[in-house]
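*Asks:* Here is how the chains run, residue by residue.
There are 2 protein chains.
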Amino acid sequence: MKRYNVAILGATGAVGREMLKVLEEIDFPLASLTLLASKNSVGKSLFYKGKQIKVREATHDAFKGIDIVLGASGNAVAKEFARDIVGSGALFIDNSSAFRMDKDVPLVIPEINPFDIKGHHGIISNPNCSTIITLLAVYPLFRLSPIKAMIASTYQAVSGAGAKGPIELEREMKEEIEGKEHVPEVFLYPIVSNLIPHIGSFDEEGYTSEENKMQNEGRKILHCPELKVTCTCVRVPVKRSHCISVTVLTEKPLSLEEVREAMESQEGLRLYDDISKNEYPMPLITSDQDLVYVGRIRKDRVFDNGISLWCSGDQVRKGAATNAVMIAMKWVEINA
Amino acid sequence: MKRYNVAILGATGAVGREMLKVLEEIDFPLASLTLLASKNSVGKSLFYKGKQIKVREATHDAFKGIDIVLGASGNAVAKEFARDIVGSGALFIDNSSAFRMDKDVPLVIPEINPFDIKGHHGIISNPNCSTIITLLAVYPLFRLSPIKAMIASTYQAVSGAGAKGPIELEREMKEEIEGKEHVPEVFLYPIVSNLIPHIGSFDEEGYTSEENKMQNEGRKILHCPELKVTCTCVRVPVKRSHCISVTVLTEKPLSLEEVREAMESQEGLRLYDDISKNEYPMPLITSDQDLVYVGRIRKDRVFDNGISLWCSGDQVRKGAATNAVMIAMKWVEINA
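The listed protein sequences correspond, in order, to chains A and B. Residue numbers 8 to 343, in the working numbering, belong to the letters of the first sequence in order. Residue numbers 8 to 343, in the working numbering, belong to the letters of the second sequence in order.
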């Protein structure tokens with residue numbers, strides 16, 4: 008079997024560390040593994056299969072000889088190094104939003120549009136976390152009928168803001184118990200016992216960048232340029248796993264039976280919907296694993312051809328690290 | 008000014024205690040105040056304007072001479088005593104859901120349908136907490152155009168489950184910090200760092216009793232028997248104040264300007280929607296006061312005639328105690 012020289016760019020962040028874990032868990036065919044981060048992280052080391060690997064500085068010539076770069080950085084760093092990565096001949100699978108909407112860049116959920124991988128020109132983008140989780144839950148409906156619209160409200164965990172999110176929440180929990188005041192650093196407001204309906208930046212229509220992603224990325228991934236999505240994104244005091252309440256408007260009427268059947272056969276998705284046993288997706292059960300859970304499936308009351316559902320998934324794993332590694336695996340399969 | 012003999016039934020619970028506070032704050036014209044609760048609470052006492060009042064047992068003959076009974080109990084207790092209360096000639100303003108959908112019983116949000124008070128036959132019901140908060144935020148749109156449908160996802164605080172809710176959340180926060188296991192008592196699952204998409208009991212269509220209330224009670228309060236509401240109710244790890252993400256479908260197209268104007272003039276509502284200053288409703292700022300806050304107002308992307316918004320209100324106050332006391336005040340005005 009062919010083996011690959013892989014680098015993680017932004018290896019010390021929440022997503023980078025999770026990529027390392029996922030590579031190990033699935034036993035990715037590695038020839039070598041390079042961990043890259045900013046100057047500040049040089050000196051740190053991380054473990055892969057019990058072996059210590061030193062973090063190296065991400066410089067413009069750090070990508071020579073690399074086959075695949077898994078990008079776990081923010082937009083600025085991704086933009087800074089994209090040309091170097093592609094120039095060195097490596098495939099850049101980027102988790103930032105820097106290139107997601109570029110025409111030349113496939114935006115891929117491997118269970119949905121693996122065929123788009125072939126069209127890459129050196130960069131493949133990993134979609135937004137809430138988008139991945141929602142689309143995986145909704146995709147079985149799409150297999151049965153074109154989808155016209157979705158109305159989604161998200162419940163997003165603090166780890167979506169990086170490794171510092173859960174640290175801030177835990178610190179605020181302690182302060183809450185001790186009756187101390189909160190001085191938020193990661194979020195604009197205290198998040199313990201609070202809800203913040205603002206993730207990203209606002210556009211002129213009053214939508215946030217995070218809310219726009221579900222429509223824009225959904226259209227690209229599903230190849231549905233007409234798809235309409237209203238989304239409200241909310242940060243909640245949960246450490247890990249995003250949840251989304253979604254109403255889906257389909258072109259054809261769908262029975263709950265065929266919807267459930269399609270969901271049961273969907274790779275990457277677990278139908279978890281037995282209300283007689285109080286079984287429904289919750290962060291409590293969907294964290295630290297790779298499946299998206301879907302439940303609370305019912306006929307919508309507003310749309311004649313509508314289905315409402317509730318889904319939950321670990322946004323650091325399937326919403327980021329796992330999806331990126333799965334893109335790499337699919338690319339390996341295609342190249343094999 | 009005429010003064011009234013008022014009793015609180017279920018005075019020692021979260022809503023009962025808040026009713027006592029609200030009566031004091033607005034200086035309700037009291038002739039006497041009687042605090043009633045179950046046998047277990049006899050011996051306790053509560054304070055009204057610095058004066059200690061002993062809690063008495065709620066018995067069938069406890070309502071003689073009372074003019075207004077504010078009901079802060081569950082359905083079973085409300086049903087047990089309704090006949091006695093009405094038989095004694097008192098007005099029963101009940102916060103339970105026992106009588107809300109009865110034809111003879113007005114269901115009232117004083118800022119929306121005060122005129123329904125006159126039609127009472129001894130009982131007036133206080134609507135569900137999420138319904139009150141949502142409808143107050145949506146009512147300005149209704150004043151501009153008939154409303155055809157709403158799609159709502161709720162973010163409901165633990166205090167909605169009574170005084171034990173916040174105690175359980177705080178206990179679980181401590182356990183979380185200490186790395187201890189949780190043994191939930193109030194909720195079906197741990198609520199700290201979790202989301203539970205299940206409040207009330209499930210019907211055959213897969214909706215919960217809590218979710219059905221927004222459609223059923225909304226139809227009755229707005230006198231719109233055709234109103235369609237899809238609702239998803241979720242318990243979140245927040246101590247106080249419910250939030251709701253709502254998309255409203257109106258018959259006529261509405262401009263954001265006229266919507267904002269109508270909201271600004273709406274009694275009981277505060278338009279809090281300056282995204283340039285990161286101002287939007289949050290539990291952090293809407294708790295322990297009586298206004299419903301509304302923000303994140305924008306044109307919906309799915310419905311041509313749609314408005315999306317985010318609202319937040321203290322469900323123990325405006326969602327329960329304050330609304331009940333305001334019904335009593337309106338009744339006093341009508342009777343004066």
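Where hints are given, some of them may not hold.
As the list makes no split between identical chains, a pair holds if one copy fits it or if it spans any two.
[What the hints assert, rightly or not] Straight-line Cα separation of at most 30 Å, BS3-like style, residue types lysine-lysine; simulated pairs:
(1) Lys110 / Lys246
(2) Lys51 / Lys259
(3) Lys171 / Lys181
(4) Lys51 / Lys86
(5) Lys284 / Lys181
(6) Lys259 / Lys155
(7) Lys171 / Lys284
(8) Lys306 / Lys46
(9) Lys284 / Lys46
(10) Lys306 / Lys110
(11) Lys187 / Lys28
(12) Lys284 / Lys235
Hint data in this document are derived by calculation from the structure and do not stem from the laboratory.
*Asks:* Hints broken by the structure, by number, lowest first?
*Replies:* 1, 2, 8 and 9
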